[in-house]
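Trainee: If you want the building blocks of each chain, they are given just below.
There are 2 protein chains.
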Amino acid sequence: MIIDVHGHYTTAPKALEAWRNRQIAGITNPAEMPKASELRISDEELRESIEGNQLRLMRERGLDLTIFSPRASFMAHHIGDFRVSSTWAAICNELCYRVSRLFPDQFIPAAMLPQSPGVDPATCIPELTRCVQEYGNVAINLNPDPSGGHWNSPPLSDPHWYPIYEKMVEYDIPAMIHVSTSCNPSFHTTGAHYLNADTTAFMQCLTSDLFKAFPRLRFVIPHGGGAVPYHWGRFRGLAQELKKPLLKDHLLHNVYFDTCVYHQPGIDLLTRVIPVDNILFASEMIGAVRGIDPETGHYYDDTRRYVEAARIEPEQRGRIFEGNARRVYPRLDAALKARGR
Amino acid sequence: MIIDVHGHYTTAPKALEAWRNRQIAGITNPAEMPKASELRISDEELRESIEGNQLRLMRERGLDLTIFSPRASFMAHHIGDFRVSSTWAAICNELCYRVSRLFPDQFIPAAMLPQSPGVDPATCIPELTRCVQEYGNVAINLNPDPSGGHWNSPPLSDPHWYPIYEKMVEYDIPAMIHVSTSCNPSFHTTGAHYLNADTTAFMQCLTSDLFKAFPRLRFVIPHGGGAVPYHWGRFRGLAQELKKPLLKDHLLHNVYFDTCVYHQPGIDLLTRVIPVDNILFASEMIGAVRGIDPETGHYYDDTRRYVEAARIEPEQRGRIFEGNARRVYPRLDAALKARGR
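The listed protein sequences correspond, in order, to chains S and G. Residue numbers for the first sequence follow my numbering, beginning at -15 and rising by one. Residue numbers for the second sequence follow my numbering, beginning at -15 and rising by one.
For the record, the hints were derived by calculation from the structure and aren't laboratory data. One thing to keep in mind: the hints can contain errors.
In silico DSSO-like links for lysine-lysine, alpha-carbon gap of 27 Å or less [unchecked claim]:
1. S/Lys227 <-> G/Lys(-2)
2. G/Lys(-2) <-> S/Lys(-2)
3. S/Lys196 <-> S/Lys227
4. G/Lys196 <-> G/Lys232
5. S/Lys232 <-> S/Lys196
6. S/Lys196 <-> S/Lys228
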């Protein structure tokens, strides 16, 4: 089977965005703050928003299952305070959970966290717990920069983040390290901020001994690892300068890269440079790049085509498509096995 | 001949750093502020600092000429105010000029600018003018983030930067877009901030119509373009979403990538994805990654080896090594021709 580890609910019914806009207005004008219960989206609406979009493309592309989390750019942790983020995360996570109940064979949820700039990440634990225990989430998305492009949180290696890591280890779930919308005019959200965050997160791991402190902690770096595989020689050399172990020993028991790289040469480099066991199939469709590549006639984000064309053995391709995801997301594996898959 | 377009004076005599440390101390304690004239470095010291380092490696690697600018991480535009930066830039640029006079066949200078956070870039024009007219500089290094990792300057497409661009066009010189030390603990300087800046700068160009306003403006994006070539499909797709022309028309008359990518698969991707005319040979030695790659037994930053091994025609290799640099840096070409080269 083919598991896409990186899908966001980018096609949620418009009512969600309308509610969020009211919530944002309510920050400055509390009289306008809507209740969570005022958002009403029917199962029928959810079904429609998925069937014509993600599910249609999954069928066309032969993808079996998507790990499905709230829309990354809409997390916008920089907006409002913890209470605002908390209500918003609860709503978004519930919607992904409902999608996973409506399409239990095709979607399994991953949670966004109610992060807020300057707020102790421990405040995210109740939502994380609820999502894992009640909603069957198999992973979380962790935003290393809840400020949205100002980068004023401590690095991922800082004890600041440990409460999250402790819970991740307890539940044996990985985190995808994924920022949200940039509110810094220097950084285009999907063209700069996302890729920069991937590179930054990797380097924060490289310079630290985080995985000595948490040997079972697992991070998935999305978007093919940002700039990392392209500069793998640079990172190997920097680790050497810093007297760290070889990257395969220092980081590759804990760090994984997805295949959200939207052209053949990129996937060819990724599969040439990064050990197959550290590559997880993903497309992030319907996401940042929704068009058709005039050079190929196919969707840019139809990453299965690139992985199929990469010069790797069929058995290796199977690990990228399925085996690695089952290993890195044990709760996904357990959920699949419970259904005989 | 082989021209390395990206060399910094990373091996300057210790007296330079000592003077800078006194200058930094002088910011808080004006009584300690040294005069520029208190820095004394002899020609002999300059010669020594180059002969055993850059020049030795250039000879070993068969590189003929380096475009040589002040050490990037030492620019540290975030330290002090415009006056501090101005004195520091003048000192550093003079040293690179002196190196170019001591080794006129092997080094030609490029200037750092006395940028300072929140200060109008027009204040950099006198130093730029002096470097071009008196010192024979063939390019500048432009820092898109003089704050050192806080990214609070306007994007490169903003009229904020136009005074620099107007002078660049007047002198027909390119700018390498190169940040300096990160003082943001999120970003490792050479492992994250440099690469992020490359990606960010490219995306700032992509989202704008800067090169419509300045058709003759030329930017060199160092470090192989950050994450850009690896994600070329993503950037092509983003340009399409934004209704911009094809990247080759939108950006590739004005944007160039160097070859500071420290392993073979990276250079193979770069030469596969980016048109040869947009690739400039460079090594940035002796720089971020000074060690020997245990996988090859050669220096990571011996990028000539990778370019030699890339699957391109000899004529294309010649353009990467020399022809493109002569085209993108017309003052370099003129200086070489004046010497019959």
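Trainee: It remains to establish, for every hint, whether it holds in the given structure.
Mentor: Okay, the hints, checked on the actual structure:
1. S/Lys227 <-> G/Lys(-2): holds, 24 Å
2. G/Lys(-2) <-> S/Lys(-2): It is violated: about 62 Å lies between the C-alpha atoms, which goes past 27 Å.
3. S/Lys196 <-> S/Lys227: Satisfied, since the Cα-Cα distance of roughly 15 Å is no more than 27 Å.
4. G/Lys196 <-> G/Lys232: With Cα atoms ~14 Å apart, lysine 196 of chain G and lysine 232 of chain G stay inside 27 Å; holds.
5. S/Lys232 <-> S/Lys196: holds, 14 Å
6. S/Lys196 <-> S/Lys228: With a Cα-Cα distance of about 12 Å, the restraint between lysine 196 of chain S and lysine 228 of chain S holds, given a limit of 27 Å.
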